[in-house]
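Chains as they are written, first to last, in my numbering: chain A, 1 to 707; chain B, 1001 to 1224.
As a list, the in silico SDA-like pairs of lysine to any residue whose alpha-carbon atoms are at most 20 angstroms apart:
{"hint": "1", "chain 1": "B", "residue 1": "K1135", "chain 2": "A", "residue 2": "G586"}
{"hint": "2", "chain 1": "B", "residue 1": "K1135", "chain 2": "A", "residue 2": "D548"}
{"hint": "3", "chain 1": "B", "residue 1": "K1139", "chain 2": "A", "residue 2": "V590"}
{"hint": "4", "chain 1": "A", "residue 1": "K340", "chain 2": "A", "residue 2": "A351"}
{"hint": "5", "chain 1": "B", "residue 1": "K1135", "chain 2": "A", "residue 2": "E579"}
{"hint": "6", "chain 1": "B", "residue 1": "K1181", "chain 2": "A", "residue 2": "P638"}
Read the hints as simulated data drawn from the structure, not as lab findings.
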Amino acid sequence: MTNKVEKIRTRILIPIAATLVLVLTVSMISVYWMQRRQIEETVRSRLDGIQLLFNTELENDAELYGKLIDQIRDDELMQQAWMKRDREELYQHSITLFNEIRNKHQVSHFYFIDLDRTCYLRVHNKEQYGDLLQRTTLDKAAEKKQPVWGIELGTFGTFTLRVVHPWIIDDQLVGYLEFGKEIKHLTSLLSNIMGVELFFAIDKRLLDREAWDEGMRMMGRSGDWDTFADFVIIDQTLEDIPIEMGNHLKQIHSKHANSRFSVSVNDKEFRGGFIPLIDAGDIDVGDIIVLSDVTSDLASLRLLFTLFVSMSIVLGGILFTLFYFYLGRVEHNLVSTHSKLKSEIDERNQAQQSLEKSEKLFRAVVDSGKDAMIAIDRKGLLFIFNQAAEEMFGFSSEEMVGQSISMLIPGNFMGKHSQAMKTFLMTKQPTSMMGRTVELSAKRSDGSLFPIELSLSVGTHQEGMFIVGTIRDITARKNSEENIHTLTQQLIMAQESERRKIALDLHDNLAQNLSASKIACDNAINSESTISDQILEKLKSLSLLLQDSISVVRQMAYELRPPGLDQLGISNALFSYCEDFSENSGIKVVYSSAGLDNLEMDFETEINLFRIVQEALNNIRNHADAEQVSVKIVATYPNIILRIEDDGVGFNVDEKMEEAIRNKRMGLQGMRERTRVLQGEIRIESIVDKGTKIFIEIPLREKKIER
Amino acid sequence: MSGKISVLIIDDHPVFREGLKTIIRKNEKFEIVAEAGNARDAKKLAEDLRPDLVLMDISLPDENGIRLSKEIKNISEQIQILVVSMHSKIEYIAEAFKNGATGFIVKESASENLLQGMEMVADGKFFLDSSVSSKVIQKLIESPDRETKITDAAYNALTPREQEILRMLAEGSSAKQCADKLFISSKTVENHRTNIMNKLDLHSTIELVRYAAKLGLIDVDLWK
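With the rest of the complex left out, here is chain A:
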């Protein structure tokens, strides 16, 4: 993955570079092409210009010559000389004019031609005459009987402008007048005007080599017949003839008319083109080769090109470098981001794995527990409902997760629950139930209730607070507890009824019997009948023994049974007991009772209340080191409240309870059991060095037996 990222620079740079190169190349090519076109355009316009100028010059000359010829034609002296057929006179008349116009108008030839087309007089060369002139211009003039002009290739390979006029005197065609002009002068004219170099190339087939050589010699010109295979150059503005022209000249004119070529002569660059040379007989005799100097154009083109290329290279290089470094940074960032991401992903994966692991472990732990475990979020919806919970409540986890917990709560506890939930959600503070184990009842899926032991704890996760509840079904424990309670209570009651029976037996039977015996004994002693002194003494000691026995038995009965409970009522019995206790222990007991005088409590209530007081006072005597005890009993319809408070050393209630259970002492536990028997409530509060308070509230149960 890292490699991929690292290659991003290369991967982006190559296309960019390629695009750059392509764009630059295309630009260069188009610039080059446009420049070339411009050059070509220049060249072409020069060619057009040359052609136009060439033709115009020829036309101008022809017109001018026509006018000059017309002057001669109409000259009477000339006419007379012609008509007289006096060659000398004709020459004399015309030579002055010829010289004048030769100088003025570069007329190089002046012919007087007979009707049979033989030359009568050559003013420019009077010695030569009588030869037949075979010229297209002359032929055409003779044929049309009108003035004709055209260029014609001479025998010596020279081009000559020929203007031929028929000579009509008195409406009679008498001959022909012809002016000629070598067009050589046009070459330099055109070259100068248009700034081009010119070559006149003539088809060799139209020339005779010897005549040409002769002509060259005659005119003092140099010329090489063999330079080109098919053409000879008859005139040129450049001394050196570019050989390259030959390739193009080979072809017939129509083929190379529009072709261009480049040549280099004397360090100059030329662009060459062709202008067809058509003679008076419309015969393509050769070409004017026009060489346009494009040295400076090419130089500027090269400069431009060089500049462009170098600028392109510099700019491209800069761009490339910029991109290179920029992409380098991007790449670096990408690499570091990538590695960061990778490590984050790794971490996350690891965290995920460990989360899954701990989730599984958690699941296993949660599900393996025998206790039901449920958890609710801050909306009161379940999100954990383990296997044990499924078995306990008869709901499946799928059914319960996402549901409100209220399905598990018995109706009579709902109010308390929703109040607690509301408080919890509002204050975010755990209620008093948190962290404690409480006994409640819960509801199964079939609606049946069962006792549970619930421990709540609060946790926090990202979605807020949640509550975890561990629930134990304590039905069995409750049942056995209930059984124990029942047994204990039965035991207590059995003990009481046994005690009562024994006490009654002792007090009301044995003691009565003893009393009856004593009275009988005393009666015997006091009787008037004569009894021996010895027997009297024995009877007296028997009476004393009986007296002692009665006291012992009575004490035994009192101890087994609270004296007076039956006859005097609970209030008096308790007071009496408190008095005795105070007397025996030296602890001051303040006793108060209210509202009991007119009440007939059932015996169970009375005896248990009495035993509770008895137990409490005994505890105080044995453990409290108290100075004063207050015992208050008050009837407050429909209950009876009993408070026993001492100012002793106090104790830790929970510890004491556990200790009492461990040591199988019935003290505190006995009081609780007795309160339970009476379906009452007991609260024991104790503060070390302050004292102990016992509060008992029981429902009043009045005696059932009516008098």
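Following the hints, put chain B in place on chain A, whose structure we already have.
Chain B alone, transformed into the frame defined by chain A:
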């Protein structure tokens, strides 16, 4: 009436009754008119015979002798009652005297003190067995500086509803709250409250609370 003092013996113990009769026969002033083994018979006999003197045992199978004493006194104030009991506790003595008895003899001292006691009681005087009189005197000596028993007779005059309301008020409930809890009107509660204050001779809420605390109706934390 033959000038003899008619005597009714109430005791569930036949042998003891025989013993008593033996002692009584020694004095010809007394004539035993009847004897009963339980309270029901005793009441009937007392009603029918109107004896001058009743010898009363406290421990009877159907009802205790103290209560029976009161009932017999209700039949006729002229019937004098001498309690002859196994009990020697002062509470019994006190209760017996409160309920109309004028003499008290512990059974084992019957042979010595019975006739004297019967004569005194029949004569309209109080008699206390010498074996218990010392206890009574001791108690009398002690009692001024030992107010160990706080009983308030006024509280007995409260009806059950008044008891309920007294407790609620003492616990800090308003009349409205009491009314809501007992499903009665506030006005009724106010009436009850007035009655309670009158019966208990209380004049303010503070006094009411103090009274309730004294009785143990509410807890006043003296520790803190």
